[in-house]
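Visitor: Residues per chain are reported as follows:
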Amino acid sequence: GENVEQHPSTLSVQEGDSAVIKCTYSDSASNYFPWYKQELGKRPQLIIDIRSNVGEKKDQRIAVTLNKTAKHFSLHITETQPEDSAVYFCAARSYSTLTFGKGTMLLVSP
Amino acid sequence: GAVVSQHPSWVICKSGTSVKIECRSLDFQATTMFWYRQFPKQSLMLMATSNEGSKATYEQGVEKDKFLINHASLTLSTLTVTSAHPEDSSFYICSARDWRDLNEQFFGPGTRLTVL
Numbered sequence: 001g002e003n004v005e006q007h008p009s010t011l012s013v014q015e016g017d018s019a020v021i022k023c024t025y026s027d028s029a030s031n032y033f034p035w036y037k038q039e040l041g042k043r044p045q046l047i048i049d050i051r052s053n054v055g056e057k058k059d060q061r062i063a064v065t066l067n068k069t070a071k072h073f074s075l076h077i078t079e080t081q082p083e084d085s086a087v088y089f090c091a092a093r094s095y096s097t098l099t100f101g102k103g104t105m106l107l108v109s110p
Numbered sequence: 001g002a003v004v005s006q007h008p009s010w011v012i013c014k015s016g017t018s019v020k021i022e023c024r025s026l027d028f029q030a031t032t033m034f035w036y037r038q039f040p041k042q043s044l045m046l047m048a049t050s051n052e053g054s055k056a057t058y059e060q061g062v063e064k065d066k067f068l069i070n071h072a073s074l075t076l077s078t079l080t081v082t083s084a085h086p087e088d089s090s091f092y093i094c095s096a097r098d099w100r101d102l103n104e105q106f107f108g109p110g111t112r113l114t115v116l
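First to last, the protein sequences are chains E and Z.
Each step along the first sequence adds one to the number in our numbering, with nothing skipped, and position 18 is 18.
Each step along the second sequence adds one to the number in our numbering, with nothing skipped, and position 102 is 102.
Pulled out of the complex, with its shape left as it was, chain E reads as follows (with noise of 0.2 Å):
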C-alpha cells in the first residue's frame, strides 16, 4: 500500500516568514495530493490540492508543488500569520484510497 512521509514534525516561524513542509510518497499510482489544515479538536480543511498532471499550484499565500518523478510534494505558505498555527497534513490518494502523514504542527509566533 501506500507509504507516505512528511517533515517536519514541528515547526515554529515568526509571523512574516514562510514555512515549507515537504511530503514523499511511494506508491507511482498515486495522483492526487491534497492538503489539509486540523485545529485542535475540529476537522481536517482542504486548504490546496494538485493533480499528477500539474507541477505547481498557488492559491493566494499557499503553494503546493509536485515532483512526481521523485515522487515528493511540498506546501509552501508565504508571509505566515499567527491564525496559520495549526496541524497541517500532506496526503496521497492512491486508487481509492487516501493516505495522510502524520502531520506537522506549524506555530508562528508573533
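Please keep in mind that the hints were generated in silico from the structure rather than gathered at the bench.
Source: prediction; values computed, not measured.
For every residue, glycine included, the Cβ atom is placed at its ideal position computed from N, Cα and C.
There's no promise every hint is true.
Derived list of chain E stretches under chain Z, where covered just means 3 residues or more per stretch with a C-beta under 8 Å from a C-beta of chain Z [as the list claims (entries may be wrong)]:
(1) 40–50
(2) 88–97
(3) 101–107
Dock chain Z against the given chain E, drawing on the hints supplied.
Guide: Okay, now just chain Z, sitting in the frame of chain E:
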C-alpha cells in the same frame, strides 16, 4: 461547498456498552464514505471504507465485528462501536466523497468518544 455532519459531537459511555455514530452528507450524494480514527497528537488512520448498499471494507487490524458500519443510503453511514473499552476512546471522523468528483473528500466535524 459540500457539507458533512456527524452526530453526536461527543459521547461518554461506560465500558461494555455500544455507541452509534452517524455521518451524513447534507447537500450531495456520497456513494463512498470513510471512517477514520485519530488519537491525540497523531494522524488520521483509515478504519474502513463503506460503499452504499454493500459491505464495508476494513483496514488491516480493524475488527469488523467490533466496529460495525452500515451505509444504507447515499447520504447516511453509521459506525457502531460495540462493547466499547477505554482503549476505544478516540476522535472518530467520517468523510464522504461526492460521486461527481471522486478525488475530493469532505470531512465531518468528528465525534469525541470517551469510554470510562
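Visitor: Which hints, by number, does the structure contradict?
Guide: none
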